[in-house]
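A.B. asks: What follows is the residue order along each chain.
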Amino acid sequence: MDYKNATGHIYDIQGYAVHDGPGIRTTVYTKGCPLSCLWCHSPESQRHEFEVGYLQIKCLGADVCQDACINACPVGALSRNEPVQALDGSGAIQKAKIDREKCTGCLKCAKACITKALYATGWDTTVDEVYDRVIKDRGFFQNDGGITISGGEAMAQFEFTLNLAKRLKDSGIHICLDTTGFTPEKQFEEILPFIDLFLYDIKHMDSAMHKNLTGVGNELILSNARFLAEHGGALQIRVPVIPKLTDKESNLRSTAEFCASLGDAVKLVQLLPYHKTGRMKYERLGWRYKLTNVEPPEEAFMLKTLEMFQNHGLNAQLY
Amino acid sequence: MANFDFPISDRIQDLRDKRKRINKDLRLNVERNRILTEYYKTHLHEYPILKRAGYLHDWCSTREINIDDDDIFLGDAGPHTRTVHFDIEQTGAMWFRSNFGDTDERFRAAWQVPGSVWVSDEERKYLLEAADFWEENDIGATARGLFPDEFFAGPMGAFAKFLNGSYPGHFNPNYEKVVLTGFGAVRAQAKEKLAEIKAHTDTDNVRKDIFYRAIVKTCDAIITMSKRYAEGVREKAKTATPERAAELLKMADSCDWIMENPARNFWEGCQAILFYQNLLTAEGVHWADSPALIDSYLGPLVENDIATGALTLQEAQDYADAFLLQIGNQIIMFPKPNNDQLIEAHANGKTLYDLQGGGQNIAAGSLITLGGQKRDGTGDYTLATELFLLAYYRMRVAEPSLALRVNKHTPPRIWELGIAVSKRCGGFPQFNNDDVIIPQQLERGVSLEDARRYGVFGCVEPAISGMEWSMASNCGAFGGGIGMLQTLQTVIHGNRDPQSGMERPGDAKKLYEYETFDELKEEFVRLAKAGLDNMARMNHFAAFVFETEWPAPSVSAMTEGCMDSGKDVTWGGAKYNATGTMTNAIGVVADSLYTIKKLCFDDKTLSARELYDALADNWEGKELLRQRILNELSFYGNDNDEVDELATWVTDFWLGYTNTLSGPNHGHVNMGILDLAWVAGGKRTWATPDGRKNGEPLSPSADPRQDVVKNGPLSYVKSVAKLPWIKARCGGAINIRMDANSVRGDEATAKVQELIQSFFDMGGIQFCFTVADTEIMRAAQKNPQDYQDLIVRIAGFSAYFTHLAFDDQENYIAKYEIAV
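So the protein lines, in turn, are chains U and B. When you line the first sequence up against our numbering, it's residues 1 to 319, in that order. When you line the second sequence up against our numbering, it's residues 1 to 820, in that order.
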């Protein structure tokens, strides 16, 4: 099969991604997303361009590297912070301090940082490079595992995603595409033959609410879901259950009804309770985490919701 | 699991609670050592194996028959439940003199602290006197009487002098024969053999005559003990409630029958195992005697009990629970703590129990193996497999360890149960791969039928159940003898140990004196071969010590081969023989070799002299270089072929060469990959080229270093899978910690199974995982009383997290976690 060695922006490749489709999977995370969900647990996936992340705990102090990042910065955005005690008890150290106002995102500091405390939130890659990396995990895929292409929104880098899918399909690997559904129908039509299973998010059934929560309305998302269902796509629907935002009984019920209306195309519905593990990542980017007053939903509520989905004749599970 | 979803019955819960109480009130098994000492003192010139059997007979006939009011099963090798065993004939006088002979005040602060341990003044006095006798009569004295001088001068000098810690044991005793045949038939066979010899006595069979007489005496001994228990429970029945009396009388009837005859039901089978365990412990305080395949021969018994209505499933589960608690009551004092350690422990609110196994609670090194294959190659999983797996799930105990053999016949339900147990009881079971271990046995000359009946003992070591006598060699990495890391340090630093400053004689190059990396590898191989050859030589002599004065008739009576050949196991009577030893720190060794190769020889971005100097100074003033090494190199555990090839090279050589060495009794020397104390081992190890500082922890067993895994769990597992496991005849450990989120739900269970199967398809030998969130472990550090049940996998065994020393807890938390 012909494929193009297209280039892409990705921010991670992870083995043993057990919640990204059937079996043991390795997931490729592409960078950039047209949505900006309030609960997003990977903020570094949102923008297409690379940012500087800063994992302060890894900084050993400017004495060790002799101000490597500070010297590398062309605009003076980095400086020595107030002294703090080193974790290994060796005394006071001055870690780097980043002024996000001044930072232009040139990433020179990330190149200079020896411990990778300062790091670029992703890298340029090609279909071949990604293929060579993920194929190493093939021994774990057994009968039902494989590769998941996720995001950000993988369809936002359509050339790259399409060609990666073709390349993998050619090797007989099971491919999942994890998508928000927010992309032109034509692209789904083109990629459909190469995707074994779509991991498809339905975040809210009310378009105005959807726009408030994610930045875009849901019309395109719902119509694409119907399109895929009608044209032989297999869907695993993912429903984020976010207290106060998506957990109204009426919304969850109409989500279930919508899923049921897609018929046999829906293989599984995953109910994903809100969790806070992404919070730390906002700090690393110097962003503000917006959902400060939301707590994970109660187990009992999740079980009740699960039962409601199952009562719609759907194969549903938690997580 | 609907069929087995029984509540834990009150009496089982009470037994479990009692055990926890006793952990805080331990007594030493002085009784065993008193009976032994008195027998040996009065039979100085009796032939060694007759002396051993004679002592056993005295022990069985005169020991206190301990029966508790709530006993479901009977027997403990000491006069109290959960007595702490030790063997005075191995301990030597020195330990008693320095600890029991200490000032009264310090003795009391160490050994008379209610809530920790209690040794009475009378016991103290007796043991001190006994130690005087043993000084010139113990196992160390036998060793000193026959070892060549070179042993005492070499690096293993202290070991050679006392043969310390070189316990016999480390094997899978023939519990199957105890249950299915009994000692009556063995005694009859011995008597027949004696009659034959009497008719044709010649030079060759005098020792056989002695052997068979020892066997008759041993059989008499254990049968006597069983009948004494029968009397004891009958006596108890007189004052019991009618319901309990009926139960006790049934037990009495069984005790009159078992040991002499084959077990007739599940209870009798379990009880026969327990009595035999007591006998083995009394004989030689055999460390790590491990009952294998118990589900194979107890299965038909319990299935029959259910079919005939003799037991309900709930009752059968109660028995499995009670059996597990009872067999785990065996505690062997190892290592023996000194007064300073005990006094310090008491000051920190800890007890003797906390100090066992170096603070890691390994009790007796015992391990139960379940599942596997029948001799014809079909799967061997029974109702008992399920009952015992569930017993671990329900009782949540950290001892004995548990192994589950898996193969293409393993039923889905057994996989499901095994993983469910593992999620709850960290690292129990370890999963063992039949597809590697059986071929391994064939390679060392075991027949296919026998190979299918392997068990696992101690931590991870495979052996043929009931047919093999295997002795642990302490001349390997643990004993301070020869190890991969020590050898590498010699290659780098020459003959001077940089941490201790000790110089060894002879010429040895330093890191900056090698012209090529191949030359460095050659030197490594030369040094390693010399060390391993010496280890093999010492093994032969160590085994000869036991052959000369310390035979094991209670083992020989049951072990396949001994009764036919008329030879004790220590004389080579067993069908198969092996000596096992371990190497460790694969991660540190491979990463260090890779650093040297890549930076000093391939890329030439760092001179060997500069690296040598940085190491000599423990990286002082070289932090930038150290960080470069830690951050820029992709080490073992990341599926990087460049470094994994070195890991494979060094392991392949080490295991392969050891496999060619000769072991005692024409057996093999088996090498495995295991470390029990990589934190303590790290403290004794100077800085290494991989960026590790002096004193920092080593990488555990075959696992990568905790802080260098960057590419996630699949890469981790794949790096480990590349090692030549087929050659690791003494087994090996891989232990992954998973967070609770990644194993939640049935689907995740299926994925764990796929992960294990993938690793096994790639040639992995053993796999275990622990589920514990960092958050939970932090909470357990703060409020240990609320987390007494939290079990984590250490290496070849599991431990309660709250019993670990603080250093080990920290290291465990730092260990790589699969976060999804």
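Because the hints were derived from the structure by calculation, they are not lab data. Being a predicted model, the structure only gives us computed values, none of them experimental. C-beta atoms are modelled at their ideal positions from N, C-alpha and C, and glycine is treated no differently. It cannot be assumed that every hint is accurate.
Said to hold, decoys possible - Calculated cross-link-like contacts (lysine-lysine; reagent style DSS-like; alpha-carbon spacing at most 27 angstroms):
| hint | chain 1 | residue 1 | chain 2 | residue 2 |
| --- | --- | --- | --- | --- |
| 1 | B | Lys-710 | U | Lys-97 |
| 2 | B | Lys-509 | B | Lys-683 |
| 3 | B | Lys-408 | U | Lys-108 |
| 4 | U | Lys-116 | B | Lys-693 |
| 5 | U | Lys-58 | B | Lys-683 |
| 6 | B | Lys-529 | U | Lys-276 |
| 7 | B | Lys-350 | U | Lys-136 |
| 8 | B | Lys-727 | B | Lys-529 |
| 9 | U | Lys-116 | B | Lys-423 |
| 10 | B | Lys-782 | U | Lys-276 |
| 11 | U | Lys-136 | B | Lys-727 |
| 12 | U | Lys-111 | B | Lys-18 |
| 13 | B | Lys-622 | B | Lys-604 |
| 14 | B | Lys-408 | U | Lys-136 |
| 15 | B | Lys-18 | B | Lys-509 |
| 16 | B | Lys-693 | U | Lys-95 |
| 17 | B | Lys-529 | U | Lys-95 |
| 18 | B | Lys-423 | U | Lys-304 |
| 19 | B | Lys-622 | U | Lys-108 |
| 20 | B | Lys-125 | U | Lys-116 |
| 21 | B | Lys-350 | U | Lys-58 |
| 22 | B | Lys-161 | B | Lys-125 |
| 23 | U | Lys-58 | B | Lys-782 |
To be verified - Pairwise CB distance ranges (calculated):
| hint | chain 1 | residue 1 | chain 2 | residue 2 | range |
| --- | --- | --- | --- | --- | --- |
| 24 | U | Asp-124 | B | Gly-695 | 47 to 57 angstroms |
| 25 | B | Glu-810 | U | Gly-286 | 22 to 32 angstroms |
| 26 | B | Asp-789 | U | Lys-248 | 31 to 41 angstroms |
| 27 | U | Tyr-319 | B | Ile-306 | 30 to 40 angstroms |
| 28 | B | Lys-782 | U | His-275 | 17 to 27 angstroms |
| 29 | U | Pro-296 | B | Ala-158 | 50 to 60 angstroms |
| 30 | U | Lys-248 | B | Thr-378 | 51 to 61 angstroms |
| 31 | U | Ser-250 | B | Thr-378 | 52 to 62 angstroms |
| 32 | U | Asp-124 | B | Asp-533 | 51 to 61 angstroms |
| 33 | B | Phe-6 | U | His-275 | 51 to 61 angstroms |
| 34 | B | Ala-246 | U | His-275 | 50 to 60 angstroms |
A.B. asks: Next, verify each hint and record whether it holds.
C.D. replies: Results for each hint:
Between Lys-710/B and Lys-97/U, the direct Cα distance comes to roughly 25 angstroms. Compliance with the 27 angstroms bound is thereby established for this hinted pair. For the given pair, Lys-509/B sits about 25 angstroms from Lys-683/B by alpha-carbon distance, which is consistent with the 27 angstroms threshold. Distance restraint check for Lys-408/B and Lys-108/U: the Cα-Cα separation of roughly 54 angstroms exceeds the 27 angstroms cut-off, and the hinted pair is therefore not satisfied. Distance restraint check for Lys-116/U and Lys-693/B: the Cα-Cα separation of roughly 20 angstroms lies within the 27 angstroms cut-off, and the hinted pair is therefore satisfied.
For a cut-off of 27 angstroms, the pair hint linking Lys-58/U to Lys-683/B stands: about 24 angstroms separates their Cα positions. Straight-line distance between C-alpha atoms of Lys-529/B and Lys-276/U comes to about 55 angstroms, which puts the hinted pair past the 27 angstroms bound. For a cut-off of 27 angstroms, the pair hint linking Lys-350/B to Lys-136/U is broken: about 48 angstroms separates their Cα positions. Distance restraint check for Lys-727/B and Lys-529/B: the Cα-Cα separation of roughly 17 angstroms lies within the 27 angstroms cut-off, and the hinted pair is therefore satisfied.
Under the criterion of a C-alpha separation no larger than 27 angstroms, the hint pairing Lys-116/U with Lys-423/B is inconsistent with the structure, at around 34 angstroms. Restraint check: the Cα-Cα separation between Lys-782/B and Lys-276/U comes to about 23 angstroms, which is no more than 27 angstroms; the hinted pair holds. Straight-line distance between C-alpha atoms of Lys-136/U and Lys-727/B comes to about 24 angstroms, which keeps the hinted pair within the 27 angstroms bound. Restraint check for Lys-111/U and Lys-18/B: the C-alpha separation of about 61 angstroms exceeds 27 angstroms, so the hint is violated.
As the CA atoms of Lys-622/B and Lys-604/B are separated by approximately 18 angstroms, the hinted pair is consistent with the 27 angstroms bound. For a cut-off of 27 angstroms, the pair hint linking Lys-408/B to Lys-136/U stands: about 25 angstroms separates their Cα positions. Between Lys-18/B and Lys-509/B, the direct Cα distance comes to roughly 59 angstroms. Violation of the 27 angstroms bound is thereby established for this hinted pair. Note on Lys-693/B and Lys-95/U: the hinted pairing holds, with a Cα-Cα distance of about 22 angstroms set against a maximum of 27 angstroms.
The suggested pairing of Lys-529/B with Lys-95/U is violated, with an alpha-carbon distance near 49 angstroms, which exceeds 27 angstroms. Restraint check for Lys-423/B and Lys-304/U: the C-alpha separation of about 26 angstroms stays at or below 27 angstroms, so the hint holds. For a cut-off of 27 angstroms, the pair hint linking Lys-622/B to Lys-108/U stands: about 24 angstroms separates their Cα positions. Distance check on the hinted pair: Lys-125/B and Lys-116/U sit about 63 angstroms apart at the alpha-carbon level, beyond 27 angstroms; violated.
In summary, the hint linking Lys-350/B to Lys-58/U is not supported, as the alpha carbons are separated by about 35 angstroms, beyond the 27 angstroms threshold. Taken as a hint, the Lys-161/B and Lys-125/B pair is honoured in the structure, with Cα atoms around 26 angstroms apart against an allowance of 27 angstroms. With a CA separation close to 25 angstroms, the supplied pair Lys-58/U and Lys-782/B stays within the 27 angstroms bound. The beta-carbon spacing between Asp-124/U and Gly-695/B, approximately 41 angstroms, falls outside the hinted interval of 47 to 57 angstroms.
The hinted window of 22 to 32 angstroms between Glu-810/B and Gly-286/U holds, with their beta carbons roughly 31 angstroms apart. Distance hint for Asp-789/B and Lys-248/U: a CB-CB separation of about 40 angstroms, consistent with the stated range 31 to 41 angstroms. A hinted range of 30 to 40 angstroms holds for the C-beta pair Tyr-319/U and Ile-306/B, which are about 38 angstroms apart. Against the hinted window of 17 to 27 angstroms, the Cβ-Cβ separation of Lys-782/B and His-275/U comes to about 23 angstroms, which satisfies the hint.
The beta-carbon spacing between Pro-296/U and Ala-158/B, approximately 57 angstroms, falls within the hinted interval of 50 to 60 angstroms. Judged by the Cβ atoms, the range 51 to 61 angstroms given for Lys-248/U and Thr-378/B holds: they are separated by roughly 57 angstroms. As the Cβ distance of Ser-250/U to Thr-378/B is approximately 57 angstroms, the hint placing it in 52 to 62 angstroms holds. A hinted range of 51 to 61 angstroms for the beta carbons of Asp-124/U and Asp-533/B is consistent with their spacing of about 54 angstroms.
Our hint of 51 to 61 angstroms for Phe-6/B and His-275/U is violated, since their Cβ atoms are close to 35 angstroms apart. For Ala-246/B paired with His-275/U, a C-beta distance near 56 angstroms keeps the hint of 50 to 60 angstroms intact.
Comparing the model with each earlier hint shows violations of hints 3, 6, 7, 9, 12, 15, 17, 20, 21, 24, 33; every other hint is respected.
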